[in-house]
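**Student:** Grab the two chains, each in its own frame, and use the hints to assemble them into the complex.
If you read the protein sequences in the order shown, they are chains U and E. The opening residue of the first sequence carries number 1 in my numbering; numbering runs sequentially from there. The opening residue of the second sequence carries number 241 in my numbering; numbering runs sequentially from there.
Hints listed in this document are in silico derivations from the structure and should not be mistaken for laboratory results. It is possible that part of the hints are untrue.
Derived DMTMM-like pairs: lysine to aspartate or glutamate, alpha-carbon spacing no greater than 20 Å straight-line [stated by the list, open to error]:
no., chain 1, residue 1, chain 2, residue 2
1, U, K189, U, D69
2, E, K340, U, E32
3, U, K185, E, D291
4, U, K185, E, E328
5, U, K159, U, E137
6, U, K189, U, D202
7, E, K341, U, E143
8, E, K340, U, D152
9, E, K340, U, E82
10, U, K4, E, E328
11, U, K36, U, D113
12, U, K8, U, E32
13, E, K341, U, D152
14, U, K20, E, E271
15, U, K20, E, E285
16, E, K340, U, E137
17, U, K40, U, E82
18, E, K341, U, D198
19, U, K99, U, E137
20, U, K8, U, E82
21, E, K335, U, D113
22, E, K341, U, E82
23, E, K340, U, E150
24, E, K325, U, E32
25, E, K335, U, D213
26, U, K36, E, E328
27, E, K341, U, E150
28, E, K303, E, E321
29, E, K335, U, E225
30, E, K335, U, E32
31, U, K159, U, D141
32, E, K340, U, D69
33, E, K340, U, D115
34, U, K185, E, D306
Stretches of chain E that chain U covers, calculated by requiring three or more beta carbons in the stretch to come under 8 Å of a beta carbon on chain U [stated by the list, open to error]:
no., stretch
35, 288-301
36, 308-316
Glycine included, every Cβ here is placed at the ideal spot set by N, Cα and C.
Listed below, chain by chain, are the residues.
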Amino acid sequence: ENTKIRVKPDHSGVVTDGVKHSMNPFCEIAVEEAVKLKEKKLIKEVVAVSCGPTQVTETIRTALAMGCDRGIHVEVSGKDYEAMGPLQISKIFAALAKKEEASLIILGKQAIDDDCNQTGQMTAALLDWPQGTFASEVTIDGEKVKVVREIDGGLETIKISMPAVLTADLRLNTPRYATLPNIMKAKKKKIANMKPADLGVDMVSRVEVLRVDEPPTRLAGVKVETVDDLVAKLRANGTI
Amino acid sequence: MVIWTRLPNRGKVVKAATVSGSDMANPLRREVRQLYKNLLFLGREYPKGADYFRERLKSAFMKNKDVTDPKEIKKLVDRGEFVIKELEALYYLRKYRAMKKRYYEDEMSAVLNIGRPVD
Chain U
1 ENTKIRVKPD
11 HSGVVTDGVK
21 HSMNPFCEIA
31 VEEAVKLKEK
41 KLIKEVVAVS
51 CGPTQVTETI
61 RTALAMGCDR
71 GIHVEVSGKD
81 YEAMGPLQIS
91 KIFAALAKKE
101 EASLIILGKQ
111 AIDDDCNQTG
121 QMTAALLDWP
131 QGTFASEVTI
141 DGEKVKVVRE
151 IDGGLETIKI
161 SMPAVLTADL
171 RLNTPRYATL
181 PNIMKAKKKK
191 IANMKPADLG
201 VDMVSRVEVL
211 RVDEPPTRLA
221 GVKVETVDDL
231 VAKLRANGTI
Chain E
241 MVIWTRLPNR
251 GKVVKAATVS
261 GSDMANPLRR
271 EVRQLYKNLL
281 FLGREYPKGA
291 DYFRERLKSA
301 FMKNKDVTDP
311 KEIKKLVDRG
321 EFVIKELEAL
331 YYLRKYRAMK
341 KRYYEDEMSA
351 VLNIGRPVD
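For reference, chain E alone in the conformation it holds in the complex (with noise of 0.2 Å):
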């Protein structure tokens, strides 16, 4: 956003400053951006591909672009940092499990008391 003024003596227009939009009336503009970059960081990861991630992430927040009462936006952002909180688990997760298959197999087995597990 721009502000034009109008110089005293000559009534010359001059751009008198240029106001970011993220610092504009709602500060939960930049919430919210950092809250796509961080989703989209985290989706490059994604099981499904980063593309796949970014298609859903994008129309997700396209979805509600024009959302404008500030406790909506709080709710969303909210789900938005949730989504995060999943999808952390769902690295770890995955990881610990490979972890546990590939050195701690015999261990589980002991464990289920069954037989050695065939691939």
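If we strip away everything but chain U, and leave its shape as in the complex, we get (with noise of 0.2 Å):
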């Protein structure tokens, strides 16, 4: 929360070299949402999946210090990574979904690096799964799904068969802090390794980067003392 974001000279993205990566925060609830579904032997198995170069391996153990039982790391780098966005990962989760017959796809409802807020609906658009996107509770009901959404004006409730995509928004619980001695523990824990390919998905971008900015700094406010000195400042610098 206190680094510095920096754009880089060249305005092709931002500069992540020697910035420290951590678990996108929505992910983080993601995870601690499916270690309690464990905990209430709700469901069976957690697999964490992660999507990068080797140091989403350190990620991978977060989620594995947290509770799940193994990890899946999709070996992308260079070009490809940088490339990589929302479908491309979705592609990767919809292969892996079917490959290890998940009944329950859980991430954050989106990355805050990008904010983008695509990956979880593409997933359940390729596997044409149904989906309950920026769930503040969950509960499951037998081979269903009750969700309670966060949207614009309050809260949507929905029940959605299994297998399902499940997207978390900020309330939906606390995440568990990583211990050291959950992590000593977590180092036990398996993380297969592979490649998009072994998939069988091409990680060809339909997307561009054309150019990448700073915000425009926004100007101080001015305060005024009374209703002519705010009509009067209004009219000189032309807003009326």
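**Tutor:** This is how it looks when you write it as structure tokens:
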């Protein structure tokens, strides 16, 4: 939360070298929900999946420390990783879901680095599975899932059949901290390694980033004493 | 701690065993060491910096290094566990508030019945 984000001099993206990476906060909530469901004995096994270069294994380790049973690292690096977006990731997730015969896919509603909010929805569409997005409450009832969703203007409750895709919103739960003893214990858990090609997924991107800029600096607000002052200032800058 | 023994025939002194301090009379020693390691691990994300945290953690433990009463040690360990819980809560709240501010600002001003927040 304290790192200063810098745009690369060539405006092709932001500087990521040397920046400490950690699990996306909404995905932490997703992992917590999955582990909770397993602790309630409503699901059998939790598999943590991450797509990216070698460093993502650290994030998978954190998920294992939080209680996931095993991990899968889908290796994507270099140009493929730079171009990787929700479409490629959801193709990978869809292929894995079929291979692993998953009944639930739980992920964060969006990643805080790109704010796409698309991966969950795309994954559900590719699999033709129902989706419960922006979940603030999840209840499993037999083969169905009741999801309370945060939407503009309030909450919506839906009931969907499994297998399904759920995306976690901020108030779904309070993620546990991955403590040192848990991280030590998690070292015994396995992380499988594979490439997108092994899943029959092509990583070609249909999106090209043209330019990345910092947001324009906001001008400071001006305080006025009276209504007349306000009117005068609005006239002066041409608003009225 | 090392145990030396004298062999029966020639009276030669031989090292019979090395007993590690942690398995010795005080099993709480292991608990205290693990507590220190756990707190040190948590301290990496401390707002005022990992070094600041480590200094204060070390001096807090050193201050009590001569305590021998197991009941007292247990009380201190419990206090350490409490600090762990406090730090976990601190880190969670910090992240939650950052996310709330970033993504739910409009919602908050609606709930608090105030205008759009100005930077």
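**Student:** Look at each hint and say if it fits the structure.
**Tutor:** Here is what the structure says about each hint:
1. K189(U) - D69(U): 7 Å, holds
2. K340(E) - E32(U): Judged against 20 Å, a Cα distance of about 18 Å means the pair holds.
3. K185(U) - D291(E): Violated: K185(U) and D291(E) sit about 26 Å apart, past 20 Å.
4. K185(U) - E328(E): This hinted pair holds, its Cα atoms lying about 19 Å apart.
5. K159(U) - E137(U): Roughly 12 Å separates the two Cα atoms, so the pair holds.
6. K189(U) - D202(U): Given pair K189(U), D202(U) is violated - Cα atoms ~29 Å apart, limit 20 Å.
7. K341(E) - E143(U): Roughly 37 Å separates the two Cα atoms, so the pair is violated.
8. K340(E) - D152(U): 15 Å, holds
9. K340(E) - E82(U): 28 Å, violated
10. K4(U) - E328(E): Not satisfied, since the Cα-Cα distance of roughly 24 Å exceeds 20 Å.
11. K36(U) - D113(U): Violated, at roughly 26 Å.
12. K8(U) - E32(U): 34 Å, violated
13. K341(E) - D152(U): 17 Å, holds
14. K20(U) - E271(E): Roughly 31 Å between the alpha carbons, so the hint for K20(U) and E271(E) is violated.
15. K20(U) - E285(E): 12 Å, holds
16. K340(E) - E137(U): Judged against 20 Å, a Cα distance of about 17 Å means the pair holds.
17. K40(U) - E82(U): Violated: K40(U) and E82(U) sit about 39 Å apart, past 20 Å.
18. K341(E) - D198(U): 41 Å, violated
19. K99(U) - E137(U): 28 Å, violated
20. K8(U) - E82(U): With a Cα-Cα distance of about 14 Å, the restraint between K8(U) and E82(U) holds, given a limit of 20 Å.
21. K335(E) - D113(U): 15 Å, holds
22. K341(E) - E82(U): Violated: K341(E) and E82(U) sit about 28 Å apart, past 20 Å.
23. K340(E) - E150(U): With a Cα-Cα distance of about 14 Å, the restraint between K340(E) and E150(U) holds, given a limit of 20 Å.
24. K325(E) - E32(U): 17 Å, holds
25. K335(E) - D213(U): 26 Å, violated
26. K36(U) - E328(E): With Cα atoms ~18 Å apart, K36(U) and E328(E) stay inside 20 Å; holds.
27. K341(E) - E150(U): 16 Å, holds
28. K303(E) - E321(E): Judged against 20 Å, a Cα distance of about 17 Å means the pair holds.
29. K335(E) - E225(U): 38 Å, violated
30. K335(E) - E32(U): Holds, at roughly 15 Å.
31. K159(U) - D141(U): Satisfied, since the Cα-Cα distance of roughly 9 Å is no more than 20 Å.
32. K340(E) - D69(U): Given that 20 Å is the threshold and the Cα spacing comes to 30 Å, the pair is violated.
33. K340(E) - D115(U): 14 Å, holds
34. K185(U) - D306(E): Violated, at about 32 Å.
35. 288-301: violated (count 0)
36. 308-316: Not satisfied, violated; 0 residues make the cut.
Of the hints listed earlier, those the structure fails to meet are numbers 3, 6, 7, 9, 10, 11, 12, 14, 17, 18, 19, 22, 25, 29, 32, 34, 35, 36, in rising order.
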